[in-house]
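Engineer: The primary structure of each chain is shown beneath.
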Amino acid sequence: MGIIKASKLVHEYIRRDEEGNVESIQTAIDHVDIDVKAGDFIAVLGHNGSGKSTLAKHINALLEPSEGTLWVDGKDTKDPKNTYEIRRAAGMVFQNPDNQIIATVVEEDVGFGPENMGVPCEEIWTRVEESLKSVGMLKYRSHSPNKLSGGQKQRVAIAGVMAMEPKCIVLDEPTAMLDPNGRKEVLRAVHELNRKKGVTVILITHYMEEVVDADYVYVMDKGQVVMQGTPRSIFSQVEKLKEHRLDVPQITLLAHELKKSGLAIADGILTREELLEALEKLYHRKG
Amino acid sequence: MSIILDKVNYVYSTGTAYEIQALKDINLTIEDGQFIGIIGHTGSGKSTLIQHLNGLVKATSGAIYFNGQDIYDEDYNMKELRTKVGLVFQYPEHQLFETTIFDDVCFGPKNQGLNKNEAGLRAFEALKSVGLPEALYYQSPFDLSGGQKRRVAIAGVLAMKPEVLILDEPTAGLDPKGRDEILDLIAKMHKEKNMTIILVSHSMEDVAKYVDRIIVMNDGQVMYDGLPREVFRHYKELEAVGLAAPQVTYLMHELQEKGIPVDMDATTVEEAKNSILKVMQSNS
Amino acid sequence: MLRDITIGQYYPAKSVIHQLDPRVKLMATLIYIISLFSFQGIVGFLLVTAFLILIIRLSKVPFSYMVKGLRAIVILMLITALFNLFLTPGEDVLLQIWKLTITMEGVKNAVFMMVRLVYLIVGTSVMTLTTTPNQLTDGLEKSLMPLRKIHVPVHAIAMMMSIALRFIPILIEETDIIMKAQMARGADFENGNLIKRAKSMVPLLVPLFISAFRRADDLAMAMEARCYVGGEGRTRMKPLSYDKRDYTAYLVLVMFLVLVILARIIL
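As you go down the protein sequences, you meet chains A, B and C in turn.
Our numbering puts the first sequence at residues 1 to 287.
Our numbering puts the second sequence at residues 288 to 571.
Our numbering puts the third sequence at residues 572 to 838.
Hints may contain errors.
Said to hold, decoys possible - Just a few of them, taken from the derived set where beta-carbon distance is under 8 Å, the chain C residues facing chain A:
no., residue
1, 583
2, 704
3, 705
4, 741
5, 769
6, 771
7, 775
8, 789
9, 790
10, 792
11, 793
12, 797
13, 799
14, 811
15, 813
16, 815
Stated by the list, open to error - Dumping the calculated SDA-like pairs for lysine to any residue here, alpha-carbon to alpha-carbon at most 20 Å:
no., chain 1, residue 1, chain 2, residue 2
17, C, 585, C, 819
18, A, 57, C, 788
19, A, 184, B, 390
Read the hints as simulated data drawn from the structure, not as lab findings.
In this text, a Cβ means the ideal position worked out from N, Cα and C, and glycines have one as well.
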């Protein structure tokens, strides 16, 4: 069993009227099976309302399954006795950077998690330093979060999770509110944590460019996992992605269009370098 | 009919240690019926710039003329300017407040002094033009999806029948489908109503696809101003200030460097495809 | 306008005042406020002024930064001054218009009241400007600990305060944006009579409340995700402990208090 495993996981949002009668049931997650290997970089793709954020909350035991089971680090999220251990094992970063920073000084915010866990004072300091360094924010340690850019705030939030020394970190659309620079900063930081510290990463997003370097991709729509595989195998199915309200990076789309027009180009081109190479080969072979 | 900015400067927190010059000597002419993209990273002054255009922020020095009239004249009707230059803020759905969608859209027209019937007609028209299903008109705006809420908020500005529509990052936080819907809607407004559109964005790819003029802001100044392909020719300079040209621009330049004579001015997937196919065919 | 509020904003600097234990600063603020409202006569006034100037100089916070906070309470100050000016009875009548009389005592009271209010705002803002909200709440929590015996949820109160302080600047900025956005839709927040103006606040307040609730919801979830379960079993990154300079500060405080009391009794 991997570090995160879902078996026929179902989540229903139930809306009740004032008397407590059920008004409507909305199935946000519909029999989802996933299995994440420790140390992997996983991406979960889907449009708004596809159920991907609900899934993220389950991994942090912020929600309880309606049906099915989810194990995080081998622990069933349904058992309230496990909640604390699960939250220590799987840290979570949310979309809005402002709404998850608690303290008014960067380092105090990073220390918040370890404080809650009862980590001794001296160790908190080393953890705070270490995790701020790992996201490149150490020099801002005594700044106010209000004066930071969106990308910097989000990196502080990541440091705050890292200071809890989790095995796995779940990022729920961490770049949706950032500008291109901020997005790059955050992604670079997350990839580095995955590579250098071996932290399992689950990145939830609708930006296709962010998925290119993942080890494995799940695509969600209407609460179900509708596609899964390596980024290359996912991106080679341009038409199917469009059906699920997603689009592909400009370069992949261009390669796809060229192929459709009769050029002999492979499916699932991910980077500019790959397309450049393919076109070059094609040009010189013909010429 | 145009907006002219003449040496506009804007300084924040004058006289304190935090003094920031947000705009430096901006000279611009915005002609009627243009579809303009303003690009710049956070803090480049682009949001400050657009708030000058409808008088929400007053320039520290310099002048702004709307249809030939100086908007800083003492007897200039600022309220009328705000209805003629409609400004849709970032995350506009956060300003919805009425109990029904319809009432919310009526807010603008009512402030213009229209009576209930006229305002209602305007609201109806605006909601129709943003493509919201009629069945939803009398529901609470807070029950809608993110993309729908945003369309209602845009309708709230459209209902005032502005001549110029400015949108600050209208696609922020939307998924690809929602983004395309909003951008297509804006393009439709431009085409059908011949409205002047100013689109503030940090996505070069979105902008390249729709606009016919790009203004690049950097450090409070206009860095480039021209046709998309003219502006993207400076892709190296753009990258140096933290902005990137569309991916295809890079690809086309790299192909050219490798001796493949493609059109380096292509900025959209469509243009790139046509150019590459042409080169490949003439080569065989 | 809204950006002028300085209460609750921290000004980072390395000064003695910044480094003092927050409990000392809380006590100092308490003593300062007591002395502010109990001093009488010019000697007391000079004493309090000297104390305030000393603290401001030591704090290394630019003076202009503190004065900015005053703008927010100008109206309150004027009303208080007017009440004192006209409603203080006395024998030394300076001016009489219709039923309103201005007496020498009234002038004195008005002046002292203004001074007290200005000193109150400036003095308390020294505390908030030199103490991070976290330290402040830590200090408060520790100082109020004895109240836990009578079931006062001290930790919860302290946490609430610290979060409120963190979100004040964010909500102020948000108010500014919503206001501008509604003005772009033709809203008018400045003209009209009182009822009209109160009504015009609806388009501002509804979105602001909705946003505040959304933020609160998000924040609660983020705190839960970071293993927050209340005050039990928490450790501290920056535990409070008294240093030599804190004892010195207490000594200075006691001396100041004694002087103010003496000034009041003797003079």
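Engineer: Can we keep the residue 704 of chain C interface hint, with Cβ of chain A closer than 8 Å?
Structural biologist: Hint on residue 704 of chain C: holds, closest Cβ of chain A at ~5 Å, below 8 Å.
Engineer: Verify the interface restraint on residue 790 of chain C: the C-beta must sit less than 8 Å from at least one C-beta of chain A.
Structural biologist: holds (5 Å)
Engineer: Quickly compare the C-alpha distance for residue 184 of chain A and residue 390 of chain B to 20 Å and report which way the hint goes.
Structural biologist: violated (41 Å)
Engineer: Against chain A, is residue 769 of chain C within 8 Å by beta-carbon distance?
Structural biologist: violated (30 Å)
Engineer: Would the stated hint for residue 771 of chain C survive a check requiring a Cβ distance to chain A of less than 8 Å?
Structural biologist: Constraint on residue 771 of chain C not satisfied, violated at 27 Å.
Engineer: So, residue 583 of chain C near chain A? Judge it on the closest CB pair being under 8 Å.
Structural biologist: holds (6 Å)
Engineer: Could you check if residue 789 of chain C really has its C-beta closer than 8 Å to a C-beta on chain A?
Structural biologist: Because about 4 Å separates residue 789 of chain C from the closest Cβ in chain A, which is inside the 8 Å limit, the hint holds.
Engineer: Verify the interface restraint on residue 775 of chain C: the C-beta must sit less than 8 Å from at least one C-beta of chain A.
Structural biologist: For residue 775 of chain C, the interface hint is violated, since the closest Cβ of chain A sits about 20 Å away, which is over 8 Å.
Engineer: Can you confirm whether the C-alpha distance between residue 57 of chain A and residue 788 of chain C stays at or below 20 Å?
Structural biologist: Since the Cα atoms of residue 57 of chain A and residue 788 of chain C sit roughly 14 Å apart, the hinted pair holds (cutoff 20 Å).
Engineer: With chain A as the partner, please determine if residue 815 of chain C meets the hint condition of a C-beta pair closer than 8 Å.
Structural biologist: violated (20 Å)
Engineer: Hint check: is the beta carbon of residue 705 of chain C less than 8 Å from a beta carbon of chain A?
Structural biologist: holds (5 Å)
Engineer: Any CB of chain A closer than 8 Å to the CB of residue 813 of chain C?
Structural biologist: violated (16 Å)
Hint violations for this structure: numbers 5, 6, 7, 14, 15, 16 and 19, all remaining hints satisfied.
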